[in-house]
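The listed protein sequences derive, respectively, from chains S and V.
Residue numbering for the first sequence follows this note's numbering, starting at 1 and increasing by one per position.
Residue numbering for the second sequence follows this note's numbering, starting at 1 and increasing by one per position.
The set of hints was computed from the structure by calculation and includes no laboratory data.
Among the clues, some could well be false.
[Unchecked claim] Reference excerpt, derived from the structure (chain S facing chain V, CB under 10 Å, subset only):
(1) Phe91
(2) Ala160
(3) Ile162
[As the list claims (entries may be wrong)] Calculated cross-link-like contacts (lysine-lysine; reagent style DSS-like; alpha-carbon spacing at most 25 Å):
(4) V/Lys407 x S/Lys76
(5) S/Lys143 x V/Lys407
(6) V/Lys8 x V/Lys404
(7) V/Lys8 x S/Lys124
(8) V/Lys91 x V/Lys105
[As the list claims (entries may be wrong)] Ranges between beta-carbon positions, derived for each pair:
(9) S/Gln71 x V/Leu341: 39 to 45 Å
(10) V/Leu294 x S/Lys220: 54 to 60 Å
(11) V/Thr4 x S/Leu128: 32 to 38 Å
(12) V/Leu294 x S/Tyr17: 57 to 63 Å
(13) S/Lys142 x V/Leu294: 41 to 47 Å
(14) S/Tyr141 x V/Ser326: 50 to 56 Å
(15) S/Tyr141 x V/Pro362: 35 to 41 Å
(16) S/Tyr141 x V/Leu341: 27 to 33 Å
(17) V/Ile385 x S/Tyr141: 41 to 47 Å
(18) S/Glu65 x V/Phe290: 25 to 31 Å
Each residue gets a CB set at the ideal place from its N, CA and C atoms; glycine is no exception.
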Amino acid sequence: MNTSTVLRANNINKHFYTPEPFHVLKDVNLTVGKGEFTTVMGKSGCGKSTLLYILSTMDTQYNGELYIHDQLVTGKTANELAYIRNKHIGFVFQFHYLLSDFSVLENVMLPAQKLAQRSPTAIKAAALEKLAMLDIDTLAYKKAANLSGGEKQRVAIARALINDPAIIMGDEPTGNLDSHNASNVFDIFKRLSVENGLSLLIVTHDKDFATKTDRIIQMKDGRIVSN
Amino acid sequence: MNWTMILKIAKTHLLTKKRQTIIAALGVTFGIGSYITLVSFMTGLNGMLDDMILNQTPHIHLYNEIRPSVLQPLDYLEDSGLTAIRSVRPKQRQKRIHNALALLKHLSTDQDVKAALPKVEAQVFYISGPIELGGVVHGIDVIQEVNHYNFKDYIVNGTYQDLAQTPNSILLGAGIAQKMSLDVGDRIRLSTIDGNVFSLKIIGLFQSGIADLDAVQSYTNIKTAQRLLGETNMYITAIDIKLHDMHKATSIAQSLEQQFGLRAVDINTANAQFETGTTIRNLITYAVSFTLLLVAGFGIYNILNMLIYEKMNDIAILKATGFSSSDVHHIFVSQAIIIGLIGGILGLALGLGLSMAIDQTPFDTSALPTVTTYPINHKLSYYLIGLGFALFATFLAGLLPARKAGKMDPVHIIRGQ
C-alpha cells in the first residue's frame, strides 16, 4: 500500500517461562505502512496482546528484530525505549485510561512535557487543539476521574496524539465501551488515518470494528495466519 | 530531567491523599519535634550541671599537703632493697605555699594557664552571742573569682562588689547564717585557732546548695583572711589554676607536683564520675531521638508503599507514554522528601515551641539560687541537624518503595487487569 514503513518486525519469537514454558509467538513477521489502519484479531491467548506489547517496545524479552522508521530498536536501553515510546508511539488501552487525580488537560499535556521539545504554552495550545479535534475541549479543566468511559477514552486518544506520533497502538480500545462510544472511537481513528495519514495498529475482538479497517491480521496459536 | 513536571506529579499524588500525607508528615513532625525538645533540654541540663561542677572547681588545685616524706633517710642508703619502716609520722610543716607570689607570677606567664588565683584558707570559730561554730574562711580575690568562675551565682542577698569594696566584710555561709539567726548587715565575730578575735560585717550570704559546705564555709577578701591569721601578703595556702584546655589538667598537674613539690589535684581525678554522667545523658538523648525518627521513617515507608500500589495504574500509564524508570523513581522519592521537608519544618516549630515552654517553666533548686526556670540550650545546629535528619530519614524511607515503583513492569500491570 504505502512505500514507507512505520513499523517492521522480523522473526519475533517469544517464550513464557512461568508458570510453564510456553512458546507464545512463533516467527512473527509484520510491517505497518504509513497511514495504514491495521487491526489484529484472534482468539484469547493467541498472543496478539503479547505481540502488541513487544511492538510497542514495552516488552523487551523476545527474540527477533523490531524496526521503527527503519531504525532497529531491539537491544536499546530502557531509557532510549522510553524516549521512542514518548516520541513515536501513542497508546490507547482498554482499562488504563488516565491519571485520575489530574485534570483532562494535564493528562493530555504530560507526554509532551516529558518530551520537553516545546514551550509550556505551545504544549498547552497543542493539547487544547487535540481536545477540540475530538470535540472534548469543554472538558479540559475537569478532573479525569469525573469523566464517563467514552469521554475518558477520547481523552486517552488525545493524549496519544499529543506528540504527533508515527503510530497509534491500541489494546482493545473499544472493548470496554458501548456500541455508540465504540463506533465513535472508530470514527476518530478512521479520520486520523485518512486525514492525518496516521498509522494505527489495533488489537481487537470486535469484528464489526475490524471489518471496517484497511487490513486485518488474523492470529492463531502464536502465528499470523492471514495478513 | 524535567523536575517541574516530576514535582507536579508528586505534589498531585500527595494532595489527593491528603490524610495519608498528613499522617506521614506528622510522624516526622513528632520525631523531629521531640528530638529538638529533648536535645535542647538535655544539653541545657548538662550545661547547667557542667557549670555547677566545672565552674565551681578549679582545673588544678595546688596546695601544701601534710604527708610523710616518700623517701625516708634509710632509703638513701645503697643496697636498702628490703627495708620496711613502720610508724612513719609526717613532720609538721607550714601550710602556706613557699614563695607563693613568685609561683603565681610564674604560672600566669604559662601559656596553658588561663588564670591562677591565690587562696588563703583559715580555720575559725564563728561567734555570735553565746554560740560558737567551727568553720573555714576562704580568703579569695573576689573580682578574679567572679571573672573566672561562676562565684557570683551563689551569692544570695548581696553583691560581690560589696565584698571587694568593704573592708573587714564577710560573705557568710547560708547555713551558718541560719543557725545563728544572722542576716546581711549584721556583724559576726571570728576567732582564729590562735585566739585572735575579729569582728566582720556580713555583706551577703553564700549558698552553694551543698548543705554541709554552707554550714561551715564563708568567704572574705584575701587581705582580710591574711590579717585574720596575722600573716603578711606572702601567706597563700592554695592556688587554683584554670587552664585554657581542661583536658591537659592531668598532665600539667603531674608536672607541677614534681616541679614544686606541692600537691596538685586535677579536675579529672576529682570528678571522674562527672564526665561519665554527661556522656550517658547524651547517649540517651540521641538514642531516644533516633528511635523516634526511625518510627517516623517506618511510617513513611509504609504509606509510600501503599501509595505505590494505589498508583500502579498511574505508573503503568506514565511508563507506557514514555516516562523512564528513573522518572517514576524520582516522582516517589520526591514525595518522600516533600513529606520529610514539611514534617521536618513543622517539627522544628514544634520543638522550638516546646523548648520555649520548658524554658518558661519554673524550676526551684537550692543548688542554684540564680536558676529560676528549667535550662534550655537553644542552638541553631540542633535545628539544622534535625532538618537534615528528617530529610535523610524520609529519603531513605522513600528509596525502597520508589525503586519498586521504578522497576514495575507496565506490561505486567496492564495485562494483570
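Cβ separation of V/Leu294 and S/Lys220, checked against the hinted range 54 to 60 Å: The hint (54 to 60 Å, Cβ to Cβ) holds, given that V/Leu294 and S/Lys220 are roughly 57 Å apart.
S/Phe91 as chain V interface residue, shortest Cβ-Cβ below 10 Å: holds (5 Å)
Status of the given 39 to 45 Å range, CB of V/Leu341 versus CB of S/Gln71: holds (43 Å)
Cβ distance range 50 to 56 Å for S/Tyr141 and V/Ser326, holds or violated: violated (31 Å)
Interface hint status, S/Ala160 versus chain V (Cβ within 10 Å): For S/Ala160, the interface hint holds, since the closest Cβ of chain V sits about 8 Å away, which is under 10 Å.
Hinted pair V/Lys8 and V/Lys404, Cα distance within 25 Å: holds (20 Å)
Range hint 41 to 47 Å (beta carbons of S/Lys142 and V/Leu294) holds or violated: Hint holds: Cβ distance 43 Å, inside 41 to 47 Å.
Outcome for the supplied range 32 to 38 Å, where the beta carbon pair is V/Thr4 and S/Leu128: violated (20 Å)
Closest C-beta approach of S/Ile162 to chain V relative to 10 Å, hint status: At 9 Å from the nearest chain V Cβ, S/Ile162 passes the 10 Å test, so the hint holds.
Supplied distance hint 25 to 31 Å, evaluated on CB atoms of S/Glu65 and V/Phe290: At roughly 55 Å between Cβ atoms, V/Phe290 and S/Glu65 fall outside 25 to 31 Å, so the hint is violated.
Range hint compliance [Cβ, V/Ile385 to S/Tyr141, 41 to 47 Å]: holds (44 Å)
S/Tyr141 paired with V/Leu341, Cβ distance criterion 27 to 33 Å: holds (29 Å)
In this structure, the hints that do not hold are numbers 5, 8, 11, 12, 14, 15 and 18, in rising order.
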